[in-house]
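Let the sequences and hints guide you as you build the complete structure.
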Amino acid sequence: MRLFNRANGPSKLRADIGQRVAATLADNPAVTQIPIPGIQAFYCSDFLDAQRCKALVDVIDTNRRPSTLLSDRPEDNFRTSESCDMDRWSREVRPVDEGIAVLLGVDPKQGETMQGQRYAPGQHFRAHHDFFYENQSYWKKVRGEGGQRTWTAMVYLNDVDEGGATWFPQAGIRIAPKRGLLLIWNNMMPDGTPNQLTLHEGMPVLRGVKYVVTKWFREGNWLP
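Basically our numbering = 1-based index in the sequence shown + 26.
Because the hints were derived from the structure by calculation, they are not lab data. Glycine included, every Cβ here is placed at the ideal spot set by N, Cα and C. Misleading hints may appear alongside valid ones.
[Claimed, not checked] With a straight-line Cα cutoff of 16 Å, these simulated EDC-like cross-link-like pairs (lysine to aspartate or glutamate) come out: (1) LYS204 <-> GLU188; (2) LYS167 <-> ASP133; (3) LYS135 <-> GLU124; (4) LYS204 <-> ASP75; (5) LYS135 <-> GLU171; (6) LYS38 <-> ASP217; (7) LYS204 <-> ASP72; (8) LYS135 <-> ASP113; (9) LYS80 <-> GLU118; (10) LYS80 <-> ASP185; (11) LYS204 <-> ASP187; (12) LYS204 <-> ASP185.
[Stated by the list, open to error] What follows is a set of in silico ranges between Cβ atoms, one per label pair, in the way DEER data are often shown: (13) ALA153 <-> LEU232: 15 to 23 Å; (14) GLN77 <-> TRP165: 35 to 43 Å; (15) GLU124 <-> PRO55: 14 to 22 Å; (16) ALA81 <-> ASP217: 38 to 46 Å; (17) ALA81 <-> ALA49: 28 to 36 Å; (18) THR50 <-> TRP115: 35 to 43 Å; (19) PRO92 <-> ASP217: 36 to 44 Å; (20) GLU118 <-> GLN196: 34 to 42 Å; (21) SER163 <-> ASP185: 26 to 34 Å; (22) ILE60 <-> LEU232: 38 to 46 Å; (23) ALA49 <-> ASP87: 36 to 44 Å; (24) ALA153 <-> GLY35: 20 to 28 Å; (25) GLN77 <-> ARG114: 18 to 26 Å.
Quick look at the structure:
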């Protein structure tokens with residue numbers, strides 16, 4: 027079992043991953059960098075077509091369950107959406123799952139299996155980071171399962187009538203849901219330290235229902 031660096035300090039491995047992925051995305055004419063000071067963030071419009079989005083929405087609706095929190099001190103009403111643990115190898119999921127890895131230039135083995143999320147009116151996910159904290163009891167376990175999360179990729183599967191934006195409060199930017207849009211960001215700073223500016227929130231949906239899929243990448247292999 028390979029154990030990785032402590033979460034809060036610099037890491038050459040994570041820094042190298044950040045530089046490599048950012049360069050790959052910057053060289054792709056279908057990808058646009060978002061000018062957010064202090065964060066490496068990109069988007070790809072129309073990453074998925076309407077048919078593929080609808081297929082993933084159907085998977086989420088069929089398999090959804092109340093969302094959970096990876097925390098020693100979970101707060102009530104912090105994450106009120108529903109989630110779906112997707113079948114990585116299914117015909118609906120695998121092309122998207124592996125397609126995101128290819129776009130980022132990352133070995134698919136480093137990617138966690140995609141998770142689907144459904145937000146009904148009033149549902150939200152309060153401000154949080156995607157990277158892991160070393161002072162939490164889960165840290166020892168995740169160190170042996172690929173280590174720290176590096177990049178996050180999120181695809182919006184539908185337009186939302188009102189609300190449901192992804193808000194980075196410390197960075198001062200909000201991204202409205204748009205069907206097929208892929209949003210990508212690095213959870214690390216250039217030296218491989220977790221980037222506090224990546225704090226983000228799934229804002230409440232006001233009208234309609236919001237569907238997204240999220241894929242997180244690790245510094246090592248998540249798959250055996």
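Check your understanding: Between LYS204 and ASP187, is the straight-line Cα distance small enough, at 16 Å or below?
Key -> 10 Å, holds
**Study point:** Pairwise hint evaluation, ASP185 against LYS80, where the allowed Cα distance is 16 Å at most
**Key:** Distance of about 12 Å is within 16 Å: holds.
Practice item. Mind checking the hinted window 20 to 28 Å against the Cβ distance between ALA153 and GLY35? Key: Roughly 23 Å apart at Cβ, these two residues keep to the hinted range, so it holds.
Practice item. Would you mind confirming whether the straight-line C-alpha gap from LYS167 to ASP133 stays at or under 16 Å? Key: 21 Å, violated
Practice item. Could you say whether the range 36 to 44 Å given as a hint is met by the Cβ separation of PRO92 and ASP217? Key: 37 Å, holds
Check your understanding: Within a Cα-Cα threshold of 16 Å, do LYS204 and GLU188 meet the stated pairing?
Key -> 11 Å, holds
Check your understanding: Can the restraint linking LYS135 and ASP113 be considered satisfied, given a maximum Cα separation of 16 Å?
Key -> 15 Å, holds
Point to revise | Satisfaction of hint between GLU171 and LYS135, Cα-Cα up to 16 Å | key: 11 Å, holds
Practice item. Would you check the hint for LYS204 and ASP75, treating anything up to 16 Å between C-alpha atoms as holding? Key: 11 Å, holds
Review point. Is it true that the C-beta distance of THR50 to TRP115 lies inside 35 to 43 Å, as the hint says?
Key: 25 Å, violated
Review point. Lying within 34 to 42 Å: is that true of the beta-carbon distance GLU118 to GLN196?
Key: Taking Cβ atoms as reference, GLU118 and GLN196 lie about 35 Å apart, which means the hint holds.
**Study point:** Verdict for SER163, ASP185 (Cβ pair) under range 26 to 34 Å
**Key:** For SER163 and ASP185 the Cβ distance comes to about 39 Å; the hint is violated.
Checked against the numbered hints above, the structure violates hints 2, 18, 21, 22; every other hint is satisfied.
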